[in-house]
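J.: For reference, the chains in residue letters:
2 protein chains.
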Amino acid sequence: MGGNVMKTRAEIFASASVAGGKEFNGPLGKLFDFCDPCDRFGMKTWEKSESEMQRLALNIALAKGEITPEDVGALFAGDLLNQCVGSAYGLHGFGIPYIGLYGACSTCAESLLLASLMVSHKMCNLAAAVTSSHYCSAERQYRTPLEYGAQRAPTAQWTVTGAGAFLVRGFHQEESTLSSGKGKAVVRNCLIGRVQDSGVADAANMGAAMAPAALDTLCRFFKETQTTPETYDLILTGDLGYEGSDILRSLMKAEGYDIDSVHNDCGRMIYDRESQDVHGGGSGCGCSAVVLSADILPKIKRGELSRILFLATGAMMSPDSLKQGEKVLAVAHLLEIERE
Amino acid sequence: MGGNVMKTRAEIFASASVAGGKEFNGPLGKLFDFCDPCDRFGMKTWEKSESEMQRLALNIALAKGEITPEDVGALFAGDLLNQCVGSAYGLHGFGIPYIGLYGACSTCAESLLLASLMVSHKMCNLAAAVTSSHYCSAERQYRTPLEYGAQRAPTAQWTVTGAGAFLVRGFHQEESTLSSGKGKAVVRNCLIGRVQDSGVADAANMGAAMAPAALDTLCRFFKETQTTPETYDLILTGDLGYEGSDILRSLMKAEGYDIDSVHNDCGRMIYDRESQDVHGGGSGCGCSAVVLSADILPKIKRGELSRILFLATGAMMSPDSLKQGEKVLAVAHLLEIERE
Chain A
29 MGGNVMKTRA EIFASASVAG GKEFNGPLGK LFDFCDPCDR FGMKTWEKSE SEMQRLALNI
89 ALAKGEITPE DVGALFAGDL LNQCVGSAYG LHGFGIPYIG LYGACSTCAE SLLLASLMVS
149 HKMCNLAAAV TSSHYCSAER QYRTPLEYGA QRAPTAQWTV TGAGAFLVRG FHQEESTLSS
209 GKGKAVVRNC LIGRVQDSGV ADAANMGAAM APAALDTLCR FFKETQTTPE TYDLILTGDL
269 GYEGSDILRS LMKAEGYDID SVHNDCGRMI YDRESQDVHG GGSGCGCSAV VLSADILPKI
329 KRGELSRILF LATGAMMSPD SLKQGEKVLA VAHLLEIERE
Chain B
29 MGGNVMKTRA EIFASASVAG GKEFNGPLGK LFDFCDPCDR FGMKTWEKSE SEMQRLALNI
89 ALAKGEITPE DVGALFAGDL LNQCVGSAYG LHGFGIPYIG LYGACSTCAE SLLLASLMVS
149 HKMCNLAAAV TSSHYCSAER QYRTPLEYGA QRAPTAQWTV TGAGAFLVRG FHQEESTLSS
209 GKGKAVVRNC LIGRVQDSGV ADAANMGAAM APAALDTLCR FFKETQTTPE TYDLILTGDL
269 GYEGSDILRS LMKAEGYDID SVHNDCGRMI YDRESQDVHG GGSGCGCSAV VLSADILPKI
329 KRGELSRILF LATGAMMSPD SLKQGEKVLA VAHLLEIERE
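Top to bottom, those sequences are chains A and B.
368 is the number that the working numbering gives the last residue of the first sequence; the numbers go up by one with no jumps.
368 is the number that the working numbering gives the last residue of the second sequence; the numbers go up by one with no jumps.
None of these hints come from the bench; they were simulated from the model.
Since this is a predicted model, take the numbers as computed values, not measurements.
Where is the CB? At the ideal position from N, CA and C, for every residue including glycine.
Some chain B residues well away from chain A (every beta-carbon gap over 10 Å; in silico):
1) Leu56
2) Ala91
3) Pro173
4) Ala178
5) Thr183
6) Ala229
7) Asp230
8) Phe250
9) Gln254
10) Lys281
11) Gly331
Pairwise CB distance ranges, derived in the manner of DEER restraints:
12) Gln254/B x Pro65/A: 49 to 57 Å
13) Ala232/A x Glu258/B: 54 to 62 Å
14) Tyr176/A x Thr172/B: 23 to 31 Å
15) Lys210/B x Arg171/A: 51 to 59 Å
16) Lys210/B x Glu332/A: 56 to 64 Å
17) Glu252/B x Leu59/A: 37 to 45 Å
18) Asn53/A x Arg301/B: 58 to 66 Å
19) Leu59/B x Tyr176/A: 46 to 54 Å
Make a model of the complete structure from these sequences and hints.
T.: This is how it looks when you write it as structure tokens:
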């Protein structure tokens with residue numbers, strides 16, 4: 029009984045992406061709504077820069093959606109900083125009822141999932157989902173201060189400096205405007221992830237630690253909905269990076285699902301592997317958020333994609349838990365998004 | 029439009045409380061389901077002790093409710109530790125679909141609110157809400173390691189060592205068993221809090237920082253539902269403590285609501301002010317969770333309370349954000365719980 033796929037009818041009707049300099053210089057750089065080449069966003073600390081990115085992202089999304097904060101019934105937000113201060117300080121000025129989340133890098137999917145459920149069941153008319161990560165605040169909190177100049181492991185991923193904001197509202201069949209050629213991105217199904225113990229204790233290989241969570245969620249979804257990878261144009265994971273993506277594809281094959289031809293990962297898309305020195309690819313809450321907002325949702329609306337699975341994975345660990353000998357736990361939440 | 033009271037029909041049908049030695053020696057000590065006088069719960073680190081409390085609490089709640097983990101569709105959980113590892117490591121073994129939350133000390137209300145919404149709208153049959161705090165893990169993370177022997181400010185609160193777990197399911201009118209004399213605790217209404225900037229920067233006076241958030245939520249609730257404090261047997265805040273409770277009562281009077289005769293605070297109830305040296309009273313996610321589970325819900329079921337407001341307040345700050353000159357932000361989520 030527990031843990032079934034939940035049906036939703038929620039349109040992601042506006043979104044915005046804010047990113048840093050390295051992201052601007054990547055393959056998707058021109059698609060982001062706002063970039064600051066120096067990553068500071070006018071702030072004196074990296075933590076405040078991250079908050080400012082969230083504020084900017086939600087502000088731009090509200091402007092695009094022609095919505096005022098008073099119209100938004102619930103705001104779901106989270107980030108990687110201790111006590112999720114990136115979200116709280118960045119967003120409190122909007123005055124929107126606030127649900128703080130912690131799902132590590134799965135937060136983009138987690139927040140969109142809850143927002144979609146809420147508007148689908150008419151608990152409120154509009155809901156927002158916002159998340160972020162910042163390379164500089166993440167490095168000094170999770171690994172070492174930048175000034176230390178530590179050498180990165182080959183599997184280490186590069187935390188994306190970016191924030192994404194999404195606005196969702198209930199969607200009813202009769203509103204479909206496909207005939208007019210303008211498609212809408214509608215969240216049709218959601219599946220909440222289960223926390224998995226990966227057995228991995230290497231903080232420099234999060235992709236490997238998170239792949240089993242993506243495996244669990246994907247297999248549960250395929251089994252319950254009786255679909256296969258071929259049903260979808262794209263199966264998009266959040267930030268498994270190069271290492272984790274390869275592991276997920278192998279693990280899926282062992283379960284009888286070949287996702288190679290339809291799988292991609294936001295952590296593989298956001299940087300250029302050859303010219304940008306990011307080792308294992310991109311990561312962080314902001315990675316999937318900005319790629320989904322800037323690249324994927326527009327493709328759905330334009331008709332270049334018609335039915336996708338989006339699942340963001342999060343490593344539920346802390347630097348202290350690893351020092352105390354724990355393995356990395358991970359979770360992956362899934363949304364099926366379809367053009368209607 | 030935004031931020032309305034949300035109607036729910038959710039029965040809290042089982043709950044459990046796990047607490048430490050100081051809590052066992054307090055006025056409610058005999059009511060807790062399980063206590064460890066040494067606060068260790070068999071673990072070698074305080075962080076693992078906190079995880080173990082969450083595991084025990086959910087385990088006991090499942091046993092009381094005669095439910096297996098497979099029957100639970102969604103688990104909402106969070107705690108005060110960096111990256112909320114108390115919840116992730118404590119609960120991953122149950123294999124229940126997991127939504128990680130961060131609402132600081134408001135997490136008990138936040139998790140119950142989301143769980144109640146979910147079962148009320150039949151997104152799943154059963155949902156669980158679990159939260160915790162631990163004096164020893166909180167002190168070394170937020171303030172100073174215990175070994176340092178720092179002197180506490182008069183307004184400083186004592187983080188409760190405790191975990192509470194709640195199981196909720198949809199409740200339909202026809203099921204009412206009041207005629208049989210056995211009441212049920214039903215969540216009838218919920219209101220999501222808005223993040224407030226308290227203007228307080230003193231990390232040793234969280235009660236003062238959180239009172240404005242409780243004020244905002246309570247006033248919004250009274251206005252929208254057109255009720256007054258007299259409508260309720262009890263208005264129970266989570267962990268404002270002595271200082272914060274006095275401030276809330278004064279602030280409410282200024283808004284035209286006299287709550288003095290019906291207000292109490294879990295942080296005032298859990299320790300004996302005279303014999304236990306806790307200065308400002310109890311605090312922490314676990315404070316409201318164990319008091320609600322062990323004291324309040326049984327009183328509702330027995331008929332000693334028939335209609336209450338429960339609102340837990342959380343300070344959305346981090347030690348780093350205060351060092352960077354930010355004020356303490358706070359949020360308060362509200363549930364109306366009625367005997368049916």
